[in-house]
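Which chain is which? The protein sequence lines are G and S, in order. In this text, residue positions in the first sequence follow this note's numbering: the first is 439, and each later residue adds one. In this text, residue positions in the second sequence follow this note's numbering: the first is 439, and each later residue adds one.
Treat the hints loosely; a few may be bogus.
Put simply, identical chains are the same to the list, so a pair is met inside one copy or across any two.
[Said to hold, decoys possible] Simulated pairs of lysine-lysine, DSS-like, Cα-Cα distance not exceeding 30 Å: (1) K697 <-> K713; (2) K713 <-> K565; (3) K706 <-> K565.
Honestly, the hints are just simulated from the structure, not real lab data.
Number of protein chains: 2
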Amino acid sequence: MLSVDEARERILSPLRPLPPEMVSLSEAWGRVAAAPLAARLANPPADVSAMDGYAVRAADTIPGDRLRLVGEAPAGHPFEGAMAAGETVRIFTGSVMPRGADCVLIQENATREDDAVLVGQPVAAGKHIRREGQDFAVGDEIVQAGRRLGARDVGVAAAGNHAWVAVHRRPRIALLATGDELALPGEPVPSGGITNSNTPMLAALIRASGAEPVMLPLVRDDLEAIAAAADGLRGVDMLVTLGGASVGDYDLVQAGLAKRGLEIDFWKIAMRPGKPLMHGRIGRGPEAVPMLGLPGNPVSALVCGLLFLLPAIARLSGEQLAEPERERAVLGAPLGENDHRADHLRASLARDAHGGFVVTPFPRQDSGMLRRLAASEALILRPPHAPAAQAGEPVDIIRLDRLGL
Amino acid sequence: MLSVDEARERILSPLRPLPPEMVSLSEAWGRVAAAPLAARLANPPADVSAMDGYAVRAADTIPGDRLRLVGEAPAGHPFEGAMAAGETVRIFTGSVMPRGADCVLIQENATREDDAVLVGQPVAAGKHIRREGQDFAVGDEIVQAGRRLGARDVGVAAAGNHAWVAVHRRPRIALLATGDELALPGEPVPSGGITNSNTPMLAALIRASGAEPVMLPLVRDDLEAIAAAADGLRGVDMLVTLGGASVGDYDLVQAGLAKRGLEIDFWKIAMRPGKPLMHGRIGRGPEAVPMLGLPGNPVSALVCGLLFLLPAIARLSGEQLAEPERERAVLGAPLGENDHRADHLRASLARDAHGGFVVTPFPRQDSGMLRRLAASEALILRPPHAPAAQAGEPVDIIRLDRLGL
Chain G
439 MLSVDEARER
449 ILSPLRPLPP
459 EMVSLSEAWG
469 RVAAAPLAAR
479 LANPPADVSA
489 MDGYAVRAAD
499 TIPGDRLRLV
509 GEAPAGHPFE
519 GAMAAGETVR
529 IFTGSVMPRG
539 ADCVLIQENA
549 TREDDAVLVG
559 QPVAAGKHIR
569 REGQDFAVGD
579 EIVQAGRRLG
589 ARDVGVAAAG
599 NHAWVAVHRR
609 PRIALLATGD
619 ELALPGEPVP
629 SGGITNSNTP
639 MLAALIRASG
649 AEPVMLPLVR
659 DDLEAIAAAA
669 DGLRGVDMLV
679 TLGGASVGDY
689 DLVQAGLAKR
699 GLEIDFWKIA
709 MRPGKPLMHG
719 RIGRGPEAVP
729 MLGLPGNPVS
739 ALVCGLLFLL
749 PAIARLSGEQ
759 LAEPERERAV
769 LGAPLGENDH
779 RADHLRASLA
789 RDAHGGFVVT
799 PFPRQDSGML
809 RRLAASEALI
819 LRPPHAPAAQ
829 AGEPVDIIRL
839 DRLGL
Chain S
439 MLSVDEARER
449 ILSPLRPLPP
459 EMVSLSEAWG
469 RVAAAPLAAR
479 LANPPADVSA
489 MDGYAVRAAD
499 TIPGDRLRLV
509 GEAPAGHPFE
519 GAMAAGETVR
529 IFTGSVMPRG
539 ADCVLIQENA
549 TREDDAVLVG
559 QPVAAGKHIR
569 REGQDFAVGD
579 EIVQAGRRLG
589 ARDVGVAAAG
599 NHAWVAVHRR
609 PRIALLATGD
619 ELALPGEPVP
629 SGGITNSNTP
639 MLAALIRASG
649 AEPVMLPLVR
659 DDLEAIAAAA
669 DGLRGVDMLV
679 TLGGASVGDY
689 DLVQAGLAKR
699 GLEIDFWKIA
709 MRPGKPLMHG
719 RIGRGPEAVP
729 MLGLPGNPVS
739 ALVCGLLFLL
749 PAIARLSGEQ
759 LAEPERERAV
769 LGAPLGENDH
779 RADHLRASLA
789 RDAHGGFVVT
799 PFPRQDSGML
809 RRLAASEALI
819 LRPPHAPAAQ
829 AGEPVDIIRL
839 DRLGL
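Please model the complete structure; the sequences and the hints are all you need to start from.
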């Protein structure tokens with residue numbers, strides 16, 4: 439059986455970022471930049487005032503002296519002429535500095551008297567001026583390729599005078615749930631049946647990671663029906679199957695997809711919950727579709743989705759992220775020794791007196807407990823063969839309440 | 439001047455969660471539940487096997503004994519009859535337990551011989567069975583009102599057999615930027631002009647918080663034009679103005695909107711960056727539109743958006759969240775004493791040897807540095823009159839890299 443890290447590496451290594459498309463700035467939030475963005479406009483675009491007041495020459499700011507007010511330059515309306523010695527121009531935050539001025543006398547230190555301004559305090563040359571390009575100059579790289587664009591990046595792109603951004607296309611991830619026991623939520627559930635919670639749950643996980651889910655219709659436990667589902671993968675960047683990933687008599691996914699050229703890379707991982715995780719690809723060459731087979735158990739499917747599908751989507755999206763962020767917490771309860779499988783314990787989070795995290799595993803870790811998983815604020819990561827740990831010892835966690843999961 | 443907390447309280451107190459609407463489960467991710475969801479189907483819906491193996495009676499599991507194989511019950515196809523003593527039924531993970539059986543002999547401990555099964559190990563009654571309703575029973579509350587639905591909640595709702603969810607309507611937030619100096623990004627920027635980065639940036643912040651931005655056209659520094667913009671607020675849940683919030687000669691927002699009934703609650707906060715923050719409402723009674731006036735400086739606008747607009751959107755969305763989550767970090771560099779204004783220092787984050795955060799403020803905190811803000815991983819929260827602090831001392835931070843900002 440593979441380790442979690444080996445499995446992730448084998449899933450990620452064949453994946454490449456999707457090609458770019460252009461989106462307008464109002465649609466760019468949450469997308470991943472496909473190319474660096476260079477500023478077309480400096481910020482600020484000219485020397486501007488950082489305060490409301492009067493543009494002056496430092497040499498003229500002798501307290502008690504009167505300066506002749508020769509004009510005003512509100513933001514957007516620069517003073518056209520040049521200021522001579524003994525002159526001043528009324529300006530505001532963001533106003534372009536008039537030619538001839540070298541600093542700003544803030545209004546709190548000035549007294550207006552008709553067409554004159556009484557200097558209250560001396561001002562040093564350069565004071566209260568934001569220099570052209572102080573934040574960035576024309577041509578500076580203002581957004582890096584591979585960055586998922588937050589609101590601030592959108593603001594920086596706008597300040598650099600971009601209305602369009604090249605981003606990686608959103609990965610389209612097809613979800614295929616198989617099983618005679620499955621009914622669509624809200625529809626009548628026959629005796630012995632359950633609703634298909636995996637497809638809507640994983641579709642939400644895919645949305646949370648910025649990709650686009652394609653929810654394929656439910657497929658019965660039938661080889662030909664499973665094979666036929668693989669014919670609907672045109673334009674899909676990855677196929678995720680749900681259920682049927684082990685080798686029980688009725689676990690037919692592998693055999694069904696083999697009829698359409700599935701080549702299996704591996705299908706067992708030393709982890710809990712989750713062991714039967716399938717990886718492979720359907721078809722060959724540039725048209726091949728990577729395939730990830732998640733367990734049918736919803737708790738296992740979600741944990742495997744977090745550990746393997748999210749990084750795969752990040753890679754396809756052009757992001758650098760390789761795995762969900764780990765944080766540190768101290769245990770709120772003791773843990774026994776772990777066996778050979780990496781464990782992912784559902785747990786609650788609290789804060790200690792110093793603001794640090796205290797993580798407490800739920801006493802029962804049954805992988806049938808979906809509601810318990812939904813109530814978990816974190817997963818505790820227990821490496822294979824981890825020794826027993828006392829309350830108060832540090833452990834690695836992944837916060838679930840922060841990922842849209 | 440108000441404190442940050444007082445200002446937030448006064449902004450939030452008049453706001454109420456928006457009315458509900460129904461969305462299908464595939465659109466429910468990221469929305470806020472408007473009512474609790476009660477399970478319509480238990481999970482599991484019946485006693486089911488937790489393993490692949492054979493349904494047996496515990497009393498029959500004497501090693502070496504042969505049990506008569508009377509049928510099989512794959513998931514979705516329950517065994518119709520009742521199992522008698524000495525009989526067994528082939529079952530799989532998720533199969534409904536046949537009547538008469540009380541535990542599961544896992545396949546690793548059984549040997550199949552034609553129509554008989556050889557018992558390898560004794561099994562205790564109840565072993566490897568997931569009981570009906572073990573995760574939740576019919577009628578149990580499986581999603582709480584006020585919860586922002588993550589992927590796991592969508593999964594739980596599906597398992598409880600819901601195809602529709604009542605959620606609070608998305609807040610619609612109108613953005614109104616004013617200023618003669620503003621040009622739309624990508625359009626020609628006249629001399630003395632800048633691009634309007636605030637509207638796209640705040641629109642992205644609004645999207646990041648699950649609300650819907652309405653980007654109003656740019657408005658010049660003209661009282662009538664500003665007043666006319668207030669006529670376009672039908673169906674809008676909050677108006678956010680950008681710029682023109684102080685009382686300089688050209689800061690006309692307050693006077694312009696007063697022509698349409700703006701009543702001001704306050705307009706100064708003891709904080710940095712940000713001081714001129716306006717709050718009020720336009721109109722009276724149930725049709726009144728809450729109004730938040732953010733500073734025109736983009737760094738100030740973003741920080742005030744984080745501290746005041748995000749909580750306002752959370753309140754309108756029906757969420758419990760009152761303010762962005764604070765975390766603890768230790769300082770990577772010393773800080774001087776703070777003055778009477780709450781400060782929000784742009785900073786980088788690193789991890790120490792124990793996995794804790796080290797936060798280091800950028801040496802220059804000029805509020806004109808938008809690119810610097812975009813590169814910041816955290817804001818350090820410095821209360822008014824905070825004493826000087828040495829490297830290694832703990833401080834509160836807000837992580838910016840986690841909020842879609």
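Against the structure, the hints:
For the identical chains of this complex, K697 and K713 are intra-copy neighbours only, at 24 Å inside a copy versus 67 Å across copies, given an alpha-carbon limit of 30 Å. Proximity of K713 and K565 under a CA criterion of 30 Å is satisfied inter-copy only: 21 Å between copies versus 65 Å inside one chain copy. Taking the closest pair of Cα atoms, K706 and K565 come within 30 Å of each other only across two copies (25 Å); inside a single copy the shortest separation is 67 Å, beyond that limit.
This entry satisfies every hint, going by the numbered hints stated previously.
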